[in-house]
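Mind docking chain B on chain G? Use the hints.
Read off the chains here:
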Amino acid sequence: MIDTQPVIRTEGLTKVFGKVRALDGLDLTVRPGEVHGFLGPNGSGKSTTIRVILGLMKATSGRAELFGGDPWRDAPRLHRRLAYVAGDVALWPALTGGQCLDILGATQGGVDERRRADLVERFELDPTKRVRDYSKGNRQKVALIAALAADADLLVLDEPTSGLDPLMEQAFQQCVRERRDDGVTVLLSSHMMGEVEALADRVSIIRRGRTVTSGTLADLRSRTRSVVHAVTAQKPDGLADADGVADYKQDGPHGQVDSRFTIDPDHLDSVIGRLHAAEIRTLTVTPPSLDSLFLRNYGPTPDPDEAARDESHTETAR
Amino acid sequence: MTDRRNGTSERTNGLGIMLGIVGRIQRRSALIWVFALGATMLGTAAAVAALYDTPAKIHTYAEAVTSGNALVAINGKVEGIDSLGGVIQDEFGFMAAFLLPLLGIALVARSTRREEESGRLELLLGGRIARHEPALAALIVATATIAATGMMFAIGLAVSGVPLARSMLYALSLAGLAFVFAGLAALLAQLTRHARDVYAWSLILLAASVVLRGVGDVTETWLTWLSPLGWAEKAAPFGDQRWWTLAIPLAVGVTLSGAALRLAARRDLGSALVRGGAGPEHASAWLRSPIGLAIWIHRPATLGWFAGGALLTGAMGALTQQALDAMVGNSAFAEAMGITHGRPLDGFVAAVQLYLAVIATGYVVQAIGTLRAEEADGRLETRLSGTLSRTRWLASHSLVVLAGLIVIVLGCSLVLGLATAISVGDMAEFGPTLSAGLAYLPAELVLAGLALAVYGLRPRMFPIAWAGYAAVTFIAFLGPGLKFPQWVLDLSPTTHAGNPPEGAIQFGALTITAAVALALIVMGFAAFRRRGVPQS
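The listed protein sequences derive, respectively, from chains G and B.
Residue numbering for the first sequence follows the numbering used here, starting at 1 and increasing by one per position.
Residue numbering for the second sequence follows the numbering used here, starting at 1 and increasing by one per position.
Source of the hints: derived by calculation from the structure; they are not laboratory data.
Be aware that a few hints might be false.
Label pairs and their in silico Cβ distance ranges [claimed, not checked]: (1) 109(G) <-> 255(B): 24 to 32 Å; (2) 126(B) <-> 218(G): 40 to 48 Å; (3) 223(G) <-> 291(B): 51 to 59 Å; (4) 41(G) <-> 403(B): 42 to 50 Å.
Note that the Cβ used here is the ideal one computed from N, Cα and C, for glycine as well.
With the rest of the complex left out, here is chain G:
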């Protein structure tokens, strides 16, 4: 039997601090076994949502469920099944990294000592060093190792890779995949598109304390426009007015015709037909990245050049 009860579910969650509305009707559902990307700009309410889910803060209104239970009333029992990495990792400066790992492990449901030793090696952490002598990245590693070594059903990771170098980020992604293969559910809050794109099965994007969109990556992509850049020998016929085309720009240096536009997924085929008729010299179709999804949800629609640039930026960042 497959367990279909959501691991995390919030409905219409609001949280008000004084005059500030940090959460404003936030809905989030994380299903068992998935890596769920939780995206939003700084200050959009990601950490507050996580704190409510963990029962550290009480929602002003709305529902929050963790493993089907009420996290505010039942936090310690529910926490037995999860491990958490806070956005700002704070440890005891006078203790060593190894001591902190043990202390963090002691309040988790259980620790797999072999996996811990393996992780210490993979993340190249010196556990005999004092926390006060660690760099920010190394402090982050301590918290990550503690969480990844835990015998947990759920990992809640709040911007876990800030401060890690690209190599360690690779190691982190590999570890998260391994944990997912073990059947662990992961809530991964981040504002790094590349990371979420590389790991997440499903994504929720929030803005100003409210869920803007959520779904699988394929889902979200199908709702977003691809960027097309085509160089043709002749001027494509009626392209500017074709169904599904927007942001059309054309110029024609050196006897060729250079067309840039965005296209919705349903009309891609017919547009390619028109380009083909005009003799394609080069053609790039860039599928929507999480970046463009993100920007679409946050800013004005990016023009094709910018979207293409953002795309390449993500590629290198990954």
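Just chain B now, kept in the frame of chain G:
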């Protein structure tokens, strides 16, 4: 030429910017220091002026305090005590000996090593600020604050009827004391890695200064001249008025500051003379438990307060016989110590126990303040994301603080009992001394309860707990000697212990005090369970 001029102007500019930053960071705490210290001095001066309003009364007081060494050891040897100013200097002496050094230490440590530790200094040095300028700005702001405090002192004294020149000298000698410790803290901030170590080493050196001054004064030797506290005392503002002694703290302070600036200009950012080495790879089973970690967190502070308490009670206890000799046939001395009736020995022990109660109360307020730091730094959030419940977390810390309190009270009472017994050659007072210490526990717990309640409700308001502590300290130290009205005395829970062993332990009042403490503690726990974490 032009380049060079530009360079110079940029450098001056850097210091200007740095002064602006330090001034902004310190503005509030500096103002609080200046006005709190100024008000304490004005309050003391006004109370003394009202109480000792005739030369005859002043003379009796002077006779009393100079007839034994116990008070000399605590308050210092006041030259020209047979005057209004002299009485004020004597009454203010004990508080001045730790408040003014603390002023200098706190002002400097806060804006030097703490800023470096947090990484904020790195941000600034990446800009136009030269390496020595943050330390220089910190020293300038500290010096200005100390000068302002001195001015408040001089005005307060003059208003109360002390001659202006003497008021000025006394105020300057106290400012000099603060200045020496500001310079010392600036130097230590370059040598140690953490603001905490700056405090620890400064306070150790302050304790050494207290001992040197005390021993020097009692034995009437040159040892006093080795202590910054001695330099202030030897200015003799109400005696011979040795203005030249002001040059000593000035020279020492400037030398220490100069050394600090030189080091700051030369050393690497984040470096220190003392570096930590490697440590164990695993936490012991003990450290993994909530109680064990709480013990580990509170141990350094507990030991520090214990050491301070043991030092005070040991020194006072050792001087018991001398104090008793002084009291024979001199009721004014007893009065100066707040002893009004009953056996002199009991009265003496009671006075020391009250001082110990103030120390123990300071410990609990500070220890509970540590919980706020755990939360503000973000460690509590991680702690509570596991199987540990809020109540268990707060309970383990409360238990450890309570145990620390009992250790301090019992340990110091033991030291006092032994020292007293050795001094008078009689063990009979041992039991009553211990039970007197324990009788203050409910009063100390009221302040612990206040601190817990504030922490549970609004951790940001924690200064309320410190304000409560300041009020208790003020009433306990100055209340009996300056004959505050009963309702003011009654505000402090320490009053309700009944001044044991001189007075009988008031079990009824103790029960009520304990009930108040318990109510406050329960309130703190209940509020903490209901509020969001983290709240800074």
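Going down the list of hints, with the structure as the test:
1. Distance hint for residue 109(G) and residue 255(B): a CB-CB separation of about 59 Å, inconsistent with the stated range 24 to 32 Å.
2. Between residue 126(B) and residue 218(G) the C-beta distance comes to about 45 Å, which sits within the given range of 40 to 48 Å.
3. About 54 Å separates the C-beta atoms of residue 223(G) and residue 291(B), a value consistent with the hinted range of 51 to 59 Å.
4. The hinted range of 42 to 50 Å is satisfied by residue 41(G) and residue 403(B), whose Cβ atoms lie roughly 47 Å apart.
Against the hints set out earlier in the document, a violation occurs for number 1 only.
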